Every structure is written in C-alpha cells, then in structure tokens.
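Sequence order for the protein chains is A and B.
Under the working numbering, the first residue of the first sequence is numbered 1, with each subsequent residue one higher.
Under the working numbering, the first residue of the second sequence is numbered 1, with each subsequent residue one higher.
Hint data in this document are derived by calculation from the structure and do not stem from the laboratory.
Please read these numbers as outputs of a predicted model, since none were measured by experiment.
Possibly wrong hints are sitting among the right ones.
Unchecked claim - Cut-off 30 Å, straight-line C-alpha distance, at most; resulting in silico cross-link-like pairs (DSSO-like, lysine-lysine):
1. K147(B) to K168(B)
2. K67(A) to K165(B)
3. K168(B) to K157(B)
4. K275(B) to K238(B)
5. K147(B) to K67(A)
6. K67(A) to K54(B)
7. K56(B) to K44(B)
8. K46(B) to K238(B)
9. K54(B) to K238(B)
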Amino acid sequence: MTVNAALLDNIVQIVAVISTLAILSVVYKENAFYRFFEHLFIGVATGFGIFVTWRDALSETWWIPLKHGDWFWILAPLVALLFYTIYLPKYAWMSRFVIMVMFGLGAGAAFRGFATQVFPQITASFLPILPNAARHVSITDALDHVVFLVTLICVMVYFFFSFRHENKAVQGTARLGRWLLMVAFGATFGSTVMARFSLLIDRIRFLLEAAHVLH
Amino acid sequence: MLELLANFRNIDRRIVSLLTIVVLAVPLVVRIPLPIHAFPATTKLKDYIDRLPKDKIVLLAVDWDSGTRGECRPQTEAMINYLMRQDRKFAIFSFVPQGPELTEDLAEADAAQFHKTYGKDWVNWGYRPNPLVTLIGMMNDVAGAMKTDIRHNDLTKDPITQQVKSLKDCGLLMEITGTGLLNTYLQFCAGVPMANGCTAVIGPETYPYLQSGQLQGLLVGLGGAAQFESITDYRNAKGRPGGEGGVGMGSQSMGHLLVMILIVLGNLGVWAAKKLPPSDAPNERGEGEAS
Numbered sequence: 001m002t003v004n005a006a007l008l009d010n011i012v013q014i015v016a017v018i019s020t021l022a023i024l025s026v027v028y029k030e031n032a033f034y035r036f037f038e039h040l041f042i043g044v045a046t047g048f049g050i051f052v053t054w055r056d057a058l059s060e061t062w063w064i065p066l067k068h069g070d071w072f073w074i075l076a077p078l079v080a081l082l083f084y085t086i087y088l089p090k091y092a093w094m095s096r097f098v099i100m101v102m103f104g105l106g107a108g109a110a111f112r113g114f115a116t117q118v119f120p121q122i123t124a125s126f127l128p129i130l131p132n133a134a135r136h137v138s139i140t141d142a143l144d145h146v147v148f149l150v151t152l153i154c155v156m157v158y159f160f161f162s163f164r165h166e167n168k169a170v171q172g173t174a175r176l177g178r179w180l181l182m183v184a185f186g187a188t189f190g191s192t193v194m195a196r197f198s199l200l201i202d203r204i205r206f207l208l209e210a211a212h213v214l215h
Numbered sequence: 001m002l003e004l005l006a007n008f009r010n011i012d013r014r015i016v017s018l019l020t021i022v023v024l025a026v027p028l029v030v031r032i033p034l035p036i037h038a039f040p041a042t043t044k045l046k047d048y049i050d051r052l053p054k055d056k057i058v059l060l061a062v063d064w065d066s067g068t069r070g071e072c073r074p075q076t077e078a079m080i081n082y083l084m085r086q087d088r089k090f091a092i093f094s095f096v097p098q099g100p101e102l103t104e105d106l107a108e109a110d111a112a113q114f115h116k117t118y119g120k121d122w123v124n125w126g127y128r129p130n131p132l133v134t135l136i137g138m139m140n141d142v143a144g145a146m147k148t149d150i151r152h153n154d155l156t157k158d159p160i161t162q163q164v165k166s167l168k169d170c171g172l173l174m175e176i177t178g179t180g181l182l183n184t185y186l187q188f189c190a191g192v193p194m195a196n197g198c199t200a201v202i203g204p205e206t207y208p209y210l211q212s213g214q215l216q217g218l219l220v221g222l223g224g225a226a227q228f229e230s231i232t233d234y235r236n237a238k239g240r241p242g243g244e245g246g247v248g249m250g251s252q253s254m255g256h257l258l259v260m261i262l263i264v265l266g267n268l269g270v271w272a273a274k275k276l277p278p279s280d281a282p283n284e285r286g287e288g289e290a291s
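Just chain B, same shape as in the assembly:
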C-alpha cells in the first residue's frame, strides 16, 4: 500500500496534462450548474454603471489580445452586452493592436441581437500606439487625439465622440487588460472615473486601487466575468443564462478540484516514501530504488 502511495510522487506530467484537459473539457459539454456569488468589487462596478446619467458615454479600453483572450474576452462580452441592454452609448479603443479587432466582432454580434447602430449607439476608435502621449492628448481633446475611427470616419463629426470632448467628460473609463497599462491610466487620467477588468494574475496587485477609490469597480479573471454575467442576468443569443464566463467557471472549478487532489496525492507520496525502507522506495523519477 505504501509503495503504491509512494508512486504518487512520480505521476508522469503527460498524464497530469491529459487529466487536466479532460477535466476542463467535460463541464463545457455537460454543464455543471454551480452557484456564482459576486464579489463586492463586481457589484460596485454594476452599481456605478447603473447610477450613471443616461447621456454619459462609457469608454471601453480593450487592452488585450489573443494571449489573454481566455479571460479578457468574457469580461468584454459581458460588459458590451450589459451596456447595450441598458441603452448606454460607448466607445471602444485600445493601446494593443489586436484589441479593437477582437472586440469589434463581439460588438457587431451584440449590436445585431439588440438592434444597435454603429456611430449612433457605439463607435470603435481603434488602436493607437504610445499610451502616454495619446492619453495626455485625450485629456485635452479626444477627437483631436484620435482623429478617425476604425472605419476611417472623421471623429469631429461623430455624435458619440462629440459628447466626450475630454476624457473627463466620460461617465466611466473601463479598461479591460492583460497588461500593466492600468498604471499609465492612473498616472495620466487623474479625475476620470475609472474601473478595471484584469487577468487573475494581476488581480491581487490591482485591488489596492479599488480600496483607495481610484477604481470604481473591478473584474478579476474569468471569475469576474462570470460574476458580472450573474448579477446582470446575462443571456446568450439563444436566450440561455450564462455566457463564456459562467460556463468557463464550471471547468475552472473542476480544474481547481483536480489541482487540490494532485497536491494531496503528491504529499501522500512524499509521506509514504519516507515511511518505506530506502531500498523499497521508488526514486523521484519512479525508477525503483531510491539512492
């Protein structure tokens, strides 16, 4: 028995990888209805959006790309879906080249579902390099700094852009990112109401800005997206509750369970190996005798 347990120290990483893929895939096919409780940071964001005057424009800075799509896309989708359902006008822009393109697809799909018109209900300003210079410019004159949208329309004639002369005129600047760009926004957009959606990796270092009042709300990782979907009663195009965030959290939870089981098994393996006489214990490569 101890020998069997001792082998758990040496589970082949390919078996662990295969188990992980299977465990994450099953809940995507067979939905596991898990309750989702929203963090105060998430409800704070929804409450802030709900309190905004209807004529205030929300700016959506989509500073993410294919590398962080797994977390940032569900957040962006949940946010765009909610803004459209609430008849909130919004503008998309990004300091990451792929961001506006990837978000355009989401906005187009939601616009078709909620019968929204480009240029009237939402606009995509596109990508701009050099966040520092662009943000300083946008603080003074948004249309002057951005000039044209992603479809080459003149922003001085765009009705949505005309409501945001300076960044300070917006109702909320919501940045969704897998980068460290939030620091640049915090440094050069003083006085602009801001919120953040970030990957789980940078979540812990972003919380202090929520506590200090520099952020009005925060979505962290896939869980943040699932929580926002849950409290905004998100429904996909087929009318089913739960979007990419909610469905993904079923897989996420199963993945965490697997990690916990593997940690316990690994520790049992170490414990069992210590109990065995040195000649019987397999070494760390599982090759029979320990040295």
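Just chain A, with the same shape it has in the complex:
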C-alpha cells in the first residue's frame, strides 16, 4: 500500500501542532500531556541523531570501506570498546590506554586552541586612545577605545585575587569593574529575553500557519 504524500504531510502537520500545544501547555501548569511530549521529543531527537550519524558518517567512512575489504577498520570499534572495560574490574586497566590517548589529544588541542583563539584578543586590546587622522582614528573611535580599556583594566583588577583589595585605588577600580560586569550581565539577560521571545514567535507563527491564518 502506498501512502499519499499529501495525506502524509497532513498527518505530520497535525502531529506537529499537537506536540507544540502539548509543550506550551506547561505554561498553564505541569501536566502529564506535557511530560509525555517532552520525553517523546528527547527520544525522537536522539533516534534521529543516531540515524544521521550512521547515514552521514559511519556508513561512508567506516562500514562501506570495511565491507569492501579494508579489514583493518574492524580495529576501530574494538579499540573504542576498550572504554567499556571500565565496568569489568579485572580488565579495567585496559580502558586507561584509550583514556590516556584522549587526555593527550585533549590537552594538546586545548593548548593549541587557546593560543589561536585568545592571542588575537590580546593583540586587539592595544588600541590608540588619542584621535589620529593619519591612522583613521576619529574622536568617537578614541572615546570607544578609552571605554574599552577602562572596562578591561577594571574587570581584570576585580578578578585579581593574589592580594587583598585594601588599597583605596584598587578597591575603587575593582568596584567599577563589578559595576561594568553588571552592565554586561544586564545586556546578556536582555538578549536572553529576546532569544526566548524569538523561539515563542516561531512556534506561534507555525500554529497560525497550520490554522491557515497566515498565508
């Protein structure tokens, strides 16, 4: 029996509408309907992730070469399975080999990554604070740079814990640093509200389109 494509689309649409309403029902109060669809979403997302990992990665890079005679690919899952020897006290020592390799890789990558990601930030912190027409630094640019440098220094002083902040100048700088951090947290909180609204807008738009209110 073949399933009509339009009918299938309609079924998918109805399931999506019910799922959306179920998840939004938590706004009224926690309920079993919401709880069921929350678990359903996690299950579907995990299942989809496994399927896509097989289709786009494992199938092409591991299974097909293995099937075509590159026998050494069988070693990959065998090495990976060593992780699970941690559950067998007698053979747990074998898991240390793969954990050591992963630790080494992680440490090396983190060291390289830190340099590539953070060093440009340090060099970009050296900014001109005086207007200079020859270097295309306008008055507003210079003011921007002053605000940037004051923020940078004050926040760094706030996080300097090697000695007590007893000196008045250090105390004042650290206090200003804390206020500036509050401004940054405020901006982040405002952005978070905006982000949550965006997600709700997307769902409301979907429901309105499903109800044919939007064309």
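Starting from the structure of chain A, add chain B where the hints point.
Frame of chain A, contents of chain B only:
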C-alpha cells in the same frame, strides 16, 4: 487606588503568559511596519560578501537544530536567499545532526525560486560528528574529510568541493549557531575568513571576536536576521519585502513593550504596597493581609 496598584505585584503568571502569546501573535497577523536599522556588524558582513571574488565558495556551517530554529532559521534563510540572488556558490555542512536536514528544505525552496541546480550552484555535505577532528581534516583536505554529500555523491567529483581543497580556499566560512561551537572554529581554522550568526543569548560574548578581526561580520538573533534582510532587500516567494526576521521583529518589539510595561507595573505595585498600612496591603500571593 493604592490597593489596586499594590495588586500589580501579584499578577498571575498564567495571565502574563496569555498576554505574551496574544501580544506576540497579533503582529504576525496584522503586520506592523517598523523601521529596521542595521548594526555595523551586519553591514560589515554584507560588505564582505559583496567584495568577495565571484569564484570564491561560501561555506555555510548550520550548527543549529529545532531548539534554536526561531532565531537561526531566519538567519540561514536570509543568507541563502542573498547568496543565490548574488549567484554565489555555497556548500552547507554541520556538526549538529538536524542542521543539514532543516537547511536543505530552505535551500530547495530558494533554488526553485532562483532556478539554481544542486551540485552546480550549491551542495550539502551533511552532518559530521566530532568537530575538532573533522575541522583539522578539512583544513588539509575537504573532500577527503567529508567524502560524500548528503545524497551520497562522491565529493572528489563534485565541482563545488573541488574549488575548496582546504578550508583556507573558501571565500567565507559563515557559521550560524545556537551552540558554543564557534570557539572550535576559531581554535582550529586559523587563517580562514569567518563570520558568525548566533542566537541573542550568545551574542554579547561573540562581539569581542568581531572587534579583534577574527570575525568578518556578525548576525545576532532574530534582529540580526531582520537587519540582513533589510540591507539585502529581501523579498519572499510572493515578492513581498521582509522575511521571517522582519515579520518576527514586529512581534519581538511588541513583546519588549509588554515586558517594560509589566516591569513598571510590578514596581508600582511594590511602591504602593509600601505606602499602604500593613493590614491593607495584599501579600505577595495576593491573599489579602500582609504578614
């Protein structure tokens, strides 16, 4: 009067939720034409794309899923629409399983509108796990690291992929994400021109990379999508200006207005409760006398 004001401390959260849904829904049905001014970060991105040589491939890393669809999808749609209108070839890939599937639908719709062909004008490399290892591989040999596209075509024979031997050969690597994956790109793709589209939550922590020159442009949240639509003269399939970003920003603005009104009312409520004698003020649950 003070008693009425004092009640604003205790507005039921279900009333607030209902008000929010109504306020966000109305501008979707009745469009509110609000002016949209692009941030320098957004115009910088458009200018960078415009300056790219025509033969340079744009890579679109769509590291988002249904959880951040509300912000990342309008950004992705605005970007794909612009790239197709500008006759720019591009490749899609992702380190998030749902990303390539959700983007494929958008690209297919735009390809039908602008008469673009899969494999000639755009390609979808699909999902790959382990960003660190894959990116290191892609820095040396893109086709070798990705092997096949989402339709199981061999990438060593794909004309678009052949123009990007290494990631460094691309014109721009545009990552659109609701995750923290930008750090991995910044760490292991040194020398690759990059730009970012992110959710509003991670926007503030992404700006420093724009200032340091590690990013060539930045779209933040739904507003970023609306700004990009505005400066690229986006039109939907029916020829109407404004896409999901522009329309959504009408709702977003009304939502912000509601939040501001509720904050003012809540503060008025606290002020009024302090003015009332303790016996008259409702407690924080709105149950009559304050303790």
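Each hint tested on the structure:
1. Between K147(B) and K168(B), the direct Cα distance comes to roughly 18 Å. Compliance with the 30 Å bound is thereby established for this hinted pair.
2. A hinted pair counts as satisfied when its Cα atoms are at most 30 Å apart, and K67(A) with K165(B) qualifies at roughly 28 Å.
3. Taking the CA atoms of K168(B) and K157(B), the gap is about 20 Å. The hint holds against a cut of 30 Å.
4. Restraint check: the Cα-Cα separation between K275(B) and K238(B) comes to about 57 Å, which exceeds 30 Å; the hinted pair is violated.
5. With a C-alpha separation of about 16 Å, the suggested pair K147(B) and K67(A) falls inside the 30 Å cut-off, and the hint holds.
6. Taking the CA atoms of K67(A) and K54(B), the gap is near 41 Å; set against the 30 Å cutoff, the hint is violated.
7. Of the supplied pair hints, the one linking K56(B) and K44(B) holds, its CA atoms being roughly 18 Å apart against a limit of 30 Å.
8. Restraint check for K46(B) and K238(B): satisfied, since their Cα atoms lie roughly 24 Å apart, inside the 30 Å limit.
9. Of the supplied pair hints, the one linking K54(B) and K238(B) holds, its CA atoms being roughly 28 Å apart against a limit of 30 Å.
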